[in-house]
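Number of protein chains: 2
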Amino acid sequence: MGNSHAKGKLFVISGPSGTGKGTIYHELLKEKNTDFSVSMTTRAPREGEVDGKDYYFVTREEFLANVERGNFLEHAEVFDNMYGTPKDAVERRLERGRNVLLDIDVQGGLQVKAAMPEAVMIFILPPSMAVLRERLEGRGTETQEIIEKRLSQAINEMKLLAEYEYYIVNDDLETAIAEVKSIVTAEGRKVPDKIKSIISKYEEE
Amino acid sequence: MGNSHAKGKLFVISGPSGTGKGTIYHELLKEKNTDFSVSMTTRAPREGEVDGKDYYFVTREEFLANVERGNFLEHAEVFDNMYGTPKDAVERRLERGRNVLLDIDVQGGLQVKAAMPEAVMIFILPPSMAVLRERLEGRGTETQEIIEKRLSQAINEMKLLAEYEYYIVNDDLETAIAEVKSIVTAEGRKVPDKIKSIISKYEEE
Numbered sequence: 023m024g025n026s027h028a029k030g031k032l033f034v035i036s037g038p039s040g041t042g043k044g045t046i047y048h049e050l051l052k053e054k055n056t057d058f059s060v061s062m063t064t065r066a067p068r069e070g071e072v073d074g075k076d077y078y079f080v081t082r083e084e085f086l087a088n089v090e091r092g093n094f095l096e097h098a099e100v101f102d103n104m105y106g107t108p109k110d111a112v113e114r115r116l117e118r119g120r121n122v123l124l125d126i127d128v129q130g131g132l133q134v135k136a137a138m139p140e141a142v143m144i145f146i147l148p149p150s151m152a153v154l155r156e157r158l159e160g161r162g163t164e165t166q167e168i169i170e171k172r173l174s175q176a177i178n179e180m181k182l183l184a185e186y187e188y189y190i191v192n193d194d195l196e197t198a199i200a201e202v203k204s205i206v207t208a209e210g211r212k213v214p215d216k217i218k219s220i221i222s223k224y225e226e227e
Numbered sequence: 023m024g025n026s027h028a029k030g031k032l033f034v035i036s037g038p039s040g041t042g043k044g045t046i047y048h049e050l051l052k053e054k055n056t057d058f059s060v061s062m063t064t065r066a067p068r069e070g071e072v073d074g075k076d077y078y079f080v081t082r083e084e085f086l087a088n089v090e091r092g093n094f095l096e097h098a099e100v101f102d103n104m105y106g107t108p109k110d111a112v113e114r115r116l117e118r119g120r121n122v123l124l125d126i127d128v129q130g131g132l133q134v135k136a137a138m139p140e141a142v143m144i145f146i147l148p149p150s151m152a153v154l155r156e157r158l159e160g161r162g163t164e165t166q167e168i169i170e171k172r173l174s175q176a177i178n179e180m181k182l183l184a185e186y187e188y189y190i191v192n193d194d195l196e197t198a199i200a201e202v203k204s205i206v207t208a209e210g211r212k213v214p215d216k217i218k219s220i221i222s223k224y225e226e227e
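Residue numbers (my numbering), protein chains in the order written: chain A, 23 to 227; chain B, 23 to 227.
Everything labelled a hint here was simulated from the structure, so no lab data went into it. A hint or two may mislead.
Which copy is meant is left open, so a pair is good if it fits within one copy or across any two.
Computed cross-link-like contacts, DMTMM-like style, restricted to lysine to aspartate or glutamate with a CA-CA straight-line distance of at most 20 Å [unchecked claim]: (1) Lys171 x Asp215; (2) Lys29 x Asp110; (3) Lys223 x Asp193; (4) Lys212 x Asp102; (5) Lys31 x Glu99; (6) Lys109 x Glu156; (7) Lys203 x Glu99; (8) Lys109 x Glu90; (9) Lys31 x Glu187; (10) Lys31 x Glu209; (11) Lys54 x Glu196; (12) Lys135 x Asp73; (13) Lys135 x Glu196; (14) Lys203 x Glu187; (15) Lys171 x Glu227; (16) Lys109 x Glu140; (17) Lys52 x Glu99.
Model the full structure from these sequences, guided by the hints.
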């Protein structure tokens, strides 16, 4: 019993730039039984990147063939290169009982939810717009114009919060990480749709 | 933002006798912001019992008036005394942002779910029937006949697991308690149906 043969779950983590989403995602990847999703891309491998580990590197033709047979949870074109999350690779991990994490923007997240409605959708929010502004300005890497653009983009993304199942307010990072871990634990304890196998085990005794 | 003004949730904890449900329930009651539900009863107060704290002590007429106006999440008659969980008292606590715990058998749990579909249903399972038998026998307080009856009752209760949302296998008590706490935390992070208030706060800034 327990979790040993249960299917894993896909956790989608989204949130505006500056909310600490990336940090939370990387902390969660350290958990047992947890994988990141390997993206497929048409861009050339950079030095040290390993096919099937960092990315699945494919030709444009191969990528489009995957699009055609509906094998992307989401995909997008960025600067002439295509990127996508292959459904079959994610499914293989889930079947082996692994949880899979996906750090993705809200638009991509909504594509994933449409392709895999059982995905667990988690939205990371800033404590306030003032704090979000502080954090973006604190980076010191972006112009004021870019920062204003990110802030208005944040509002637009947050308007789609209703499409997500859980929200985390990242005021204190440790608390936020603990809360996301609780969501992962709780999701693992949900009574599955097919519970007959659980009950029948006790009846056989 | 955060949890300060969010409504609390009702957590129903059920499971067969011998699963450690009671111990888990009492541990959870120690959590911040968590109340047990005060039952209403027609039985006489025992020495030291305080009205409104241990029970709401009422006459049979008052109890039946509550039944009539649909103010019980569940109720039952035990040895000529009536017991029930008053809905209005639970609602008052939830409105104040408190979580409310209810330790109740499966039949009662299903009544609660019918009366309050948003209740979070948690089922505590034994690691195996053999362990459940050991635990019941280890108590040394019940006859073999009673133990057999409890075991077959356990199977019957577990057949209703599908009506519950979460299941916890109480193999290790500390793990089981941590898992239930994770469920409470995760439920507190669910995007509420009415999320406009969350988003509008950011837009006002």
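Hints versus structure:
no.: 1; hint: Lys171 x Asp215; result: neither (43 Å within a copy, 29 Å between copies)
no.: 2; hint: Lys29 x Asp110; result: within (14 Å within a copy, 40 Å between copies)
no.: 3; hint: Lys223 x Asp193; result: between (44 Å within a copy, 15 Å between copies)
no.: 4; hint: Lys212 x Asp102; result: neither (42 Å within a copy, 38 Å between copies)
no.: 5; hint: Lys31 x Glu99; result: neither (26 Å within a copy, 43 Å between copies)
no.: 6; hint: Lys109 x Glu156; result: neither (37 Å within a copy, 45 Å between copies)
no.: 7; hint: Lys203 x Glu99; result: neither (32 Å within a copy, 42 Å between copies)
no.: 8; hint: Lys109 x Glu90; result: within (13 Å within a copy, 54 Å between copies)
no.: 9; hint: Lys31 x Glu187; result: both (14 Å within a copy, 16 Å between copies)
no.: 10; hint: Lys31 x Glu209; result: both (8 Å within a copy, 17 Å between copies)
no.: 11; hint: Lys54 x Glu196; result: both (18 Å within a copy, 18 Å between copies)
no.: 12; hint: Lys135 x Asp73; result: neither (26 Å within a copy, 50 Å between copies)
no.: 13; hint: Lys135 x Glu196; result: neither (27 Å within a copy, 34 Å between copies)
no.: 14; hint: Lys203 x Glu187; result: both (15 Å within a copy, 19 Å between copies)
no.: 15; hint: Lys171 x Glu227; result: between (62 Å within a copy, 16 Å between copies)
no.: 16; hint: Lys109 x Glu140; result: within (13 Å within a copy, 33 Å between copies)
no.: 17; hint: Lys52 x Glu99; result: neither (29 Å within a copy, 52 Å between copies)
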